[in-house]
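Colleague: Listed below are the residues making up each chain.
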Amino acid sequence: MSAQSAPRTSPGNFFEDFRLGQQIRHATPRTVTVGDVALYNALFGPRFAAQSSDVFAQKIGYPRSPLDDVLVFHIVFGKTVPDISLNAVANLGYADCRFLKAVFPGSTLNATSEVIGLRENSNKKTGIVYVRSQGFDETGDTVLDYVRWVMVRKRDEAAPAPGEKVPELTKTVEAAKLGGACPKINVTAYDNVLAGSQYRFGDYKVGEKIDHVDGITVEEAEHQIATRLYQNTARIHFNQFAESKGRFGRRLVYGGHAISLARALSFNGLGNAFHVAAINGGRHVAPLFAGCTVFAWSEVLASAEVPERDDVGALRVRTIATKDRPCSDFPLKNADDYDPAVILDLDYWVLLPR
Amino acid sequence: MSAQSAPRTSPGNFFEDFRLGQQIRHATPRTVTVGDVALYNALFGPRFAAQSSDVFAQKIGYPRSPLDDVLVFHIVFGKTVPDISLNAVANLGYADCRFLKAVFPGSTLNATSEVIGLRENSNKKTGIVYVRSQGFDETGDTVLDYVRWVMVRKRDEAAPAPGEKVPELTKTVEAAKLGGACPKINVTAYDNVLAGSQYRFGDYKVGEKIDHVDGITVEEAEHQIATRLYQNTARIHFNQFAESKGRFGRRLVYGGHAISLARALSFNGLGNAFHVAAINGGRHVAPLFAGCTVFAWSEVLASAEVPERDDVGALRVRTIATKDRPCSDFPLKNADDYDPAVILDLDYWVLLPR
Amino acid sequence: MSAQSAPRTSPGNFFEDFRLGQQIRHATPRTVTVGDVALYNALFGPRFAAQSSDVFAQKIGYPRSPLDDVLVFHIVFGKTVPDISLNAVANLGYADCRFLKAVFPGSTLNATSEVIGLRENSNKKTGIVYVRSQGFDETGDTVLDYVRWVMVRKRDEAAPAPGEKVPELTKTVEAAKLGGACPKINVTAYDNVLAGSQYRFGDYKVGEKIDHVDGITVEEAEHQIATRLYQNTARIHFNQFAESKGRFGRRLVYGGHAISLARALSFNGLGNAFHVAAINGGRHVAPLFAGCTVFAWSEVLASAEVPERDDVGALRVRTIATKDRPCSDFPLKNADDYDPAVILDLDYWVLLPR
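Here the protein sequences line up with chains S, U and A, keeping their order.
Under the working numbering, the first residue of the first sequence is numbered 1, with each subsequent residue one higher.
Under the working numbering, the first residue of the second sequence is numbered 355, with each subsequent residue one higher.
Under the working numbering, the first residue of the third sequence is numbered 709, with each subsequent residue one higher.
Derived from the structure by calculation, the hints contain no laboratory data.
Quick reminder that beta carbons are idealized off the backbone N, C-alpha and C, glycines included.
It cannot be assumed that every hint is accurate.
Far from chain A, some chain S residues (derived; all Cβ distances over 12 Å) [unchecked claim]:
#1 ALA27
#2 LEU43
#3 TYR199
#4 GLY207
#5 PHE238
#6 ALA242
Where chain U lies over chain S, by a calculated footprint (3+ residues, C-beta under 8 Å) [to be verified]:
#7 47–55
#8 254–260
Listed below are the simulated DSBU-like cross-link pairs for lysine-lysine, each with C-alpha atoms no more than 35 Å apart in a straight line [said to hold, decoys possible]:
#9 LYS687/U with LYS953/A
#10 LYS125/S with LYS205/S
#11 LYS519/U with LYS333/S
#12 LYS559/U with LYS687/U
#13 LYS559/U with LYS599/U
#14 LYS245/S with LYS1041/A
#15 LYS333/S with LYS171/S
#16 LYS478/U with LYS413/U
#17 LYS478/U with LYS59/S
#18 LYS519/U with LYS538/U
#19 LYS531/U with LYS599/U
#20 LYS953/A with LYS767/A
#21 LYS687/U with LYS245/S
#22 LYS538/U with LYS525/U
#23 LYS953/A with LYS885/A
#24 LYS913/A with LYS809/A
#25 LYS885/A with LYS832/A
#26 LYS953/A with LYS245/S
#27 LYS101/S with LYS767/A
#28 LYS413/U with LYS599/U
#29 LYS413/U with LYS809/A
#30 LYS885/A with LYS599/U
#31 LYS892/A with LYS953/A
#32 LYS892/A with LYS913/A
#33 LYS1041/A with LYS885/A
#34 LYS873/A with LYS892/A
#35 LYS333/S with LYS245/S
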């Protein structure tokens, strides 16, 4: 080995490096703190009362304010990037994402992934990797469990496919599986005025659409700060020198940034949807870049009782985020394809007090 | 009701929605943390020792470092925005603003407002709303009490004025009302060297002017991060898509950002003015935009004993902030009007150790 | 004294204001918190496990995650700026920088400096000031000790030189002086997978070079936020109005920002180098501006046992940071001079588990 070529740095895994059933423990455990919470608030401006006020949280049944669910998702997701998606061409989708235990400042998060599917693309240049990733807290309890699939480059086009299996994916998380991260809520102590919305679970109708009205412009510094906060190492978000020669000619905003913006914007219309209990599926329909203003609207897809819970009910919500396009007319698709302004199509379950 | 038109989102109050004597409890209680403090420090760079060091704070009489007073103001103010000023054309002024109790990390803040004045403008398109807003901590104690008045649009020009009363406003907070948020200060333990200034209360002369010398340039990401940190929802600060078609063609920096910058800049010249005890009045004289560099100068308007306090004295200070204009010649007015570089004219009381 | 000319603000020290042996206590003690840690993580994206996870830190022997060493350096350095380098033309170098005690959230840092050398330049316009600066925690223990020298303007060219002495500087910190800030490490509890690197102390060879591969683009908001977080008052980093007329026509990024970026980038290749024990020397070879992308590579200069420590070993590493120039070919010098892309040449000791 020449002194100049020590392979101390990890190039990430290429498609042919994965194996079906492979178990990966991800690096960089992370203690989450009120500092992370403050930064998350400052970057997205969420206003859900349970996450904002320890006093409000305690009155309704939490020991203190839990972390925003989407922040937990981003931190766990970030840990998986160096092993799963450093050589990804595209992040294709999420499924069966369940928030299983509330996370509080002071907790330490770890992550693992299992390779549950592999399929080489016909061009032999890339393949699709399906992983089930899990986040754990310092007690070893699972706080988050989800499937994602990504298109990953091959290092060597001539390498044989490492396996072939397309897993069956859960289309929608069953209502019975919701609520593990949500304590029994004291609905009489839940103060609608402080929460900022008079609408509870029973007030929403299946099929109704809500324009979340507000828009937030994304700056380069903001999405870089956010993505580094999650220790997400995907270079496309940080490296203008490389990206100036790349696909878009510029840095791509981390897809999760749009999810956080959409969730924060959704407060205006879904203010009592205090907990994201599950994500059924999500697609980053188009890339987001700094300078764009993100808007969002939602449709209530379904309403469900959560078994053995008389405190909360679940709404299945589809939230569409757009760039530089207000949502008063609920833009979604033109003919067969998405409206070009749509950047995110997210299908998830939220819990609201009854 | 059509599914498409569910009024789940709040359009904010218009002029005709207010009533004299109306009491408003604002949404989104907020637990403040050391994370918020770190962000505030990083955005403005304040160096007042009592707020920077728990050890310094404890030596002089605080249980630990209190939050910067202006940060407390911004958080309370932010809560009032969705109800009071979402449809504001202009934030006209502040009066009788008193800091009544120190706020520490871990406290949870709430806010209420009472409508104390209403006056329709002659064009019938807008009216002025006067509110007395109060911030409370988790014990129910009032931490902040202030009046502000804003010009608010009418939804319907034909709507009758909801009332007519111009309240009598306190021009200057009396010295006897200062100091509620300031414990008894141990002036011998107060270390001028660590505090960064050799000038105490008695060293300042009424009429003296101080150029604070330094300047700080504002970036879009910075003011957006700050304003979201306060959960301030005024869209003009975040939404470039909408504002590109608006009055200024761009996002307006939250007026409070200039107050925080001016306060941080004032350290250089007023380093021992460790506590803002009251704001007598303030005007956002001209808009501030990202890319501008803010400078500031101050004049000592008055010097006062605080009754029954031999530890601290009060200086009434007028601080003028400018954009892209150093203040060595103390710019203020040209003929009758403000110098076009002036953005802020703030009249307030600070406490200094004797 | 006219009311307009009160010298309340400090213009900083000029060359002729310093004296050999002068002791300076710096202002603004600073309690560091998890908020500062979160911001530091968000700005630089470090992934060293000991600083990221309280659980990991505890398993290997720390009471909890210590602050990133470079963050401690920046905070102590920041305190020295108003007294030492406000009138600096250039920050010339560092030597004999030793991290002596781990710093944890909740600690309060102070700083002092002693003038250990002075040399007027032949042009009589500037002189070089050498200081030994120390950072202390709230118990009075020294956490950091280093020498730096800066070229400082004279106020008055006719003023006599205040002294003449060029101190002898330590070229390399002895290995015996390393490790004071590092507890006894439990090497069997040190988990390489969680730490993100399989290479321990014994795996690195003297002379090997490591391209850290990744690049990070710097935004104006980011370096301003970072530098204010450290309460560093050097105006060249914040004041675009003044700098637009200055040497570079724009704001200069604080040199320490490049150190933090290089340290964070070095994780990819030196992931188990969990502690910076000393900085032997450092040069800011060229200025860094916002918009540039920073890359880095390292060479292992030496490998050393730390006396009486069988848990950790020390690597002397030279890390070179560049702007807008990937480092796969290890750019350093062209003929006699630095490659124009090089911005930082840093020589330091890191500790790794055996």
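Colleague: Can you confirm whether chain U covers the stretch 254–260 of chain S, using C-beta to C-beta distances below 8 Å and requiring at least three such residues?
Modeller: It is violated: at least three residues are needed, and the stretch 254–260 of chain S offers just 0 whose Cβ sits closer than 8 Å to chain U.
Colleague: If you draw a straight line from the CA of LYS873/A to the CA of LYS892/A, is it 35 Å or shorter?
Modeller: Roughly 40 Å between the alpha carbons, so the hint for LYS873/A and LYS892/A is violated.
Colleague: How about the stretch 47–55 of chain S: do at least three of its residues have a C-beta closer than 8 Å to a C-beta of chain U?
Modeller: As far as the stretch 47–55 of chain S goes, the hint holds, because 6 residues have Cβ atoms under 8 Å from chain U.
Colleague: Within a Cα-Cα threshold of 35 Å, do LYS519/U and LYS333/S meet the stated pairing?
Modeller: Given that 35 Å is the threshold and the Cα spacing comes to 52 Å, the pair is violated.
Colleague: Checking one constraint from the list: CA of LYS913/A to CA of LYS809/A, max 35 Å. Satisfied?
Modeller: Between LYS913/A and LYS809/A the Cα gap is close to 28 Å, so the pair holds against 35 Å.
Colleague: Going straight from one Cα to the other, do LYS245/S and LYS1041/A come out at no more than 35 Å?
Modeller: 26 Å, holds
Colleague: Given the hinted pair LYS478/U and LYS413/U, is their Cα-Cα distance within 35 Å?
Modeller: Cα-Cα ~57 Å, so violated.
Colleague: Is the straight-line distance between the alpha-carbon of LYS687/U and that of LYS245/S 35 Å or less?
Modeller: Given pair LYS687/U, LYS245/S is violated - Cα atoms ~51 Å apart, limit 35 Å.
Colleague: Check whether the Cα positions of LYS333/S and LYS171/S lie no farther apart than 35 Å.
Modeller: Holds, because 21 Å separates the two Cα atoms, which is no more than 35 Å.
Colleague: Need the status of pair LYS559/U, LYS687/U: alpha-carbon distance at most 35 Å?
Modeller: Given pair LYS559/U, LYS687/U holds - Cα atoms ~22 Å apart, limit 35 Å.
Colleague: Between the alpha carbons of LYS892/A and LYS953/A, is the straight-line distance 35 Å or under?
Modeller: With Cα atoms ~52 Å apart, LYS892/A and LYS953/A exceed 35 Å; violated.
Colleague: Can the restraint linking LYS413/U and LYS599/U be considered satisfied, given a maximum Cα separation of 35 Å?
Modeller: It is violated: about 53 Å lies between the C-alpha atoms, which goes past 35 Å.
Going through the hint list in order, the structure does not satisfy hints 1, 2, 5, 6, 8, 10, 11, 13, 16, 17, 18, 19, 20, 21, 23, 25, 28, 30, 31, 34.
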